[in-house]
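Undergrad: Start from chain A and add chain B according to the hints.
2 protein chains.
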Amino acid sequence: MSITNVVCGIDIGGTNTSIGIVDRDGSILDRMRVGTRQFDHAEAYFKQVADVIQLFFKSHSEYKLCGIGIGAPNGNFYTGNIEFAPNLKWQGVIKVTEIMQNFLPGIPVVLTNDANAAALGEKYYGSASGKKDFILITLGTGVGSGIVVNDQLVYGHDGFAGEIGHTIYDPEGRQCGCGRRGCLETYASASGMVRSAYEFLEKDKRDSLLRDIKKEEITAAHIGDAAAKGDELALNIFDYTAKILGIKLADAVAHTSPSTIYIFGGVANAGDILMKPLKRYFNEYLLTIFKDKIGLEFSGLPQNDAAVLGSAALVNHTL
Amino acid sequence: MSITNVVCGIDIGGTNTSIGIVDRDGSILDRMRVGTRQFDHAEAYFKQVADVIQLFFKSHSEYKLCGIGIGAPNGNFYTGNIEFAPNLKWQGVIKVTEIMQNFLPGIPVVLTNDANAAALGEKYYGSASGKKDFILITLGTGVGSGIVVNDQLVYGHDGFAGEIGHTIYDPEGRQCGCGRRGCLETYASASGMVRSAYEFLEKDKRDSLLRDIKKEEITAAHIGDAAAKGDELALNIFDYTAKILGIKLADAVAHTSPSTIYIFGGVANAGDILMKPLKRYFNEYLLTIFKDKIGLEFSGLPQNDAAVLGSAALVNHTL
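Residue numbers (numbering that gives the first Met the number 0), protein chains in the order written: chain A, 0 to 318; chain B, 0 to 318.
Any given hint could turn out to be false.
Put simply, identical chains are the same to the list, so a pair is met inside one copy or across any two.
In silico SDA-like cross-links for lysine to any residue, where the CA-CA straight-line distance does not exceed 25 Å [claimed, not checked]:
no.: 1; residue 1: 278; residue 2: 231
no.: 2; residue 1: 292; residue 2: 177
no.: 3; residue 1: 290; residue 2: 78
no.: 4; residue 1: 292; residue 2: 77
no.: 5; residue 1: 292; residue 2: 271
no.: 6; residue 1: 290; residue 2: 76
no.: 7; residue 1: 278; residue 2: 178
no.: 8; residue 1: 202; residue 2: 3
no.: 9; residue 1: 130; residue 2: 151
In case anyone wonders, no lab produced these hints; they're calculated from the structure.
In isolation and in its complexed conformation, chain A is listed as follows:
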């Protein structure tokens, strides 16, 4: 029997954890799932993850586990810790790689944050193949980013680089979960768009499909659906979002001059409704030397598998 070398790509989300068995070429050979939220203690949670993995490989002797890559909110590549992740139940510092190596001795474990993992996924299994300088932006519950410079992920001196979601659009603007005001995330995330919807529904008295939905039930998907049907108020919300995102992405270009920025995550599902105004504002606000030179496109990763593939790329391509 021939043995295939594989890695585990693990995507730790606030609610669920996806575990993918991934080969060197980025094919997902099998998938498993562990609930994240049901574990009050990180140690018990990681024990469960390790058990699931061990059980899998016991019954699949055709695969050899070569390493584990983990993408998690506030995951730090340098320390191997999840540090103060607001969307996870476990407080403080979780020594992820240390815990996992105790449960699975001899298996290398690498950790990074979810957006960095997605950027690696884009590079090795998505659209950024061969790109040496690019940025991936995730527009989901929050706004994350992974920055690649000189063919390397930018971790910075402490492992926390790439927080474009927490660059400031308006220092007197919306309250952000990070404690400051006006972060990009408070405008361009799914929940930021919902906040925009509340504001627009209040100040703009025209009719809108969004008025048919209970206020507290409005989602970014609703705004996208309404905009797709030509709802002007919903289209204005996209225009507003695109302008702010365009300005802050133009700022990002002034820092690291990527050849392409990839957009990813739930908000990106709106497709051209987001992309058309975004491209217009992005090019409008770019410094002249960068105009019409920087690609802006959607991620080439399948959305459901991106984080698992990215985490797999982390171990396949950094070890």
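TA: Then chain B, alone, in the frame of chain A:
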């Protein structure tokens, strides 16, 4: 006779060009000067620079010229060209390395922009020795920056990365020379501070030492002098400048997470009058995970020699 290997570090300014003869350790062994502005054509200018260099080495056989490093506005490391530099007389694209190699065959020539050169100078001959992730900001006529990530200068996909001076503070703000509005440069450069002085003198009716100076003669140095004497209006201008710079530097940290940001250039001469409020605002606007971790200090380079040393470092440490 023993021969010392040296390089030429050339700092091309809008008015003057400084040429330094620099050894491997960063000691400036000799200096020369060529007027920049008096040459209507780039070719004639570079011929003069090459002549001055050749003449020098003819009469100094104790030195061997190993390479030439040039720092210039809009100098591009990848192409070896100065491209559309607003502060230089010569329009369009100047093929600097090609021209210089024609005049001085066999001598390697490297070009980058002045702020990138200063960052390399800081790393090899200044305060950033051993630092793998740092940013240098020059606050002069304009605002420039050099970003170092993973021990490498960030050039980006096209050689134009590191334009923090042209990140946008206020999209409806002051008109910038780049054609857009509200760039950091329009607030934090020497001329930006003078614009602030005009605004403050207009809207704030209190007495000020700055009212004793003819409006069109006010310089950033005047504002610094007045602030040093306790002039409240001048101090308010520094507070205003520091707040905007602090916010945009906090944004820069969110991109590349440097261990230290070095401040350099004429505006930095104000010393603590700038640095005290700048540190306060910078830490106030930093994302929590970065708070109290990022150094903010003045450059360790002697101001008059920084660009020459940086250009020398470019050839001493990238060839």
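Undergrad: For this structure, which hints from the list above don't hold up?
TA: Structure breaks hint 8 only.
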